[in-house]
Amino acid sequence: AQSVTQLDSQVPVFEEAPVELRCNYSSSVSVYLFWYVQYPNQGLQLLLKYLSGSTLVKGINGFEAEFNKSQTSFHLRKPSVHISDTAEYFCAVSERGSYIPTFGRGTSLIVHP
Amino acid sequence: GAGVSQSPSNKVTEKGKDVELRCDPISGHTALYWYRQRLGQGLEFLIYFQGNSAPDKSGLPSDRFSAERTGESVSTLTIQRTQQEDSAVYLCASSPSGGGVPYEQYFGPGTRLTVT
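First to last, the sequence lines map onto chains A and B.
Residues in the first sequence are numbered consecutively from 1, following our numbering.
Residues in the second sequence are numbered consecutively from 1001, following our numbering.
Honestly, I wouldn't trust all of these hints.
Sample of chain A residues facing chain B (criterion: CB under 10 Å; computed from the structure) [to be verified]: (1) Val4; (2) Phe14; (3) Ser28; (4) Phe34; (5) Tyr36; (6) Gln38; (7) Gln42; (8) Gly43; (9) Leu44; (10) Lys49; (11) Gly53; (12) Tyr99; (13) Thr102; (14) Arg105.
Since the hints were derived computationally from the structure, they do not count as laboratory data.
Remember, it's a predicted structure, so these values are computed and weren't measured experimentally.
Cβ coordinates follow ideal geometry from the N, Cα and C atoms, glycine included.
Please build the complete structure, drawing on both the sequences and the hints.
In structure tokens, the structure reads:
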């Protein structure tokens, strides 16, 4: 069975600093990988996804993530964050052939001025 | 186009009462999911519908929880004899199948359930 670990429950960072949110997964088969963002009092929306091909994927709002198969990781990065990036970020994994994703517990990104 | 909608946005109920939560998916999306999100927790899968196939109920926490979906449209999640531990945000998501992007989900804003 698949599992997802987001090691950091909270990541505080100053505005315009770079940030990395970590996601590791375990699975015995090939996977699809997703990052979702949940702004305060809103539903989740997709930031980016890895399905196949290039391991570096770019998403909305300047975020990108790199799939590392050997390390079973899919870390999310942004070179310069804004106050408006303050939100909860969820990593999710779907095994190929399964329609039910597993979500991590989330990482709260807090951007300070 | 219209996104996933859920109603009510907030529900306060007394312990022991039954509640119904509604989800209207994006038109044409054959897959529909229900999740529970407790305060400070991740998303907990509850149930999955795909077209006219039998739903995957493997995530339902107890027999007090049930859900229905009419064809490929609206879904209702029912919680009977609510308990305080049922307090959470209940999220619905829909997803296209076939030629669309596989497994990407579109989420509704959620229903915040408070059991007093």
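Cross-check of the supplied hints:
Taking 10 Å as the C-beta cut-off, the interface hint given for Val4 (chain A) holds, the closest approach to chain B being about 8 Å. Because the smallest distance between the Cβ of Phe14 (chain A) and any Cβ of chain B comes to about 24 Å, over 10 Å, the interface hint for this residue is violated. Checking Ser28 (chain A) against chain B by beta carbon gives a least distance of about 18 Å; that is not within 10 Å, so the hint is violated. The beta carbon of Phe34 (chain A) is positioned within 10 Å of a beta carbon in chain B (closest approach about 7 Å), and the interface hint is therefore held.
For Tyr36 (chain A), the interface hint holds, since its Cβ comes within 10 Å of a Cβ in chain B; the closest pair sits about 8 Å apart. For Gln38 (chain A), the shortest C-beta to C-beta distance to chain B is roughly 8 Å, which falls under 10 Å, so the interface hint holds. Given hint, Gln42 (chain A) at the interface with chain B, holds; its Cβ is 6 Å from that chain's nearest Cβ, closer than 10 Å. At about 4 Å, the closest approach between the beta carbon of Gly43 (chain A) and any beta carbon in chain B falls short of 10 Å, and the interface hint on this residue holds.
At its closest, the beta carbon of Leu44 (chain A) sits 4 Å from a beta carbon of chain B; the interface hint therefore holds under the 10 Å criterion. With its C-beta approaching chain B no nearer than about 6 Å, Lys49 (chain A) sits inside the 10 Å limit, and its interface hint holds. At its closest, the beta carbon of Gly53 (chain A) sits 13 Å from a beta carbon of chain B; the interface hint therefore is violated under the 10 Å criterion. Restraint check, Tyr99 (chain A) versus chain B: the minimum CB separation of about 6 Å is within 10 Å; hint holds.
Hint status for Thr102 (chain A) relative to chain B: holds, with the closest Cβ pair at about 8 Å, below 10 Å. Given hint, Arg105 (chain A) at the interface with chain B, holds; its Cβ is 4 Å from that chain's nearest Cβ, closer than 10 Å.
Comparing the model with each numbered hint stated earlier shows that hints 2, 3 and 11 do not hold.
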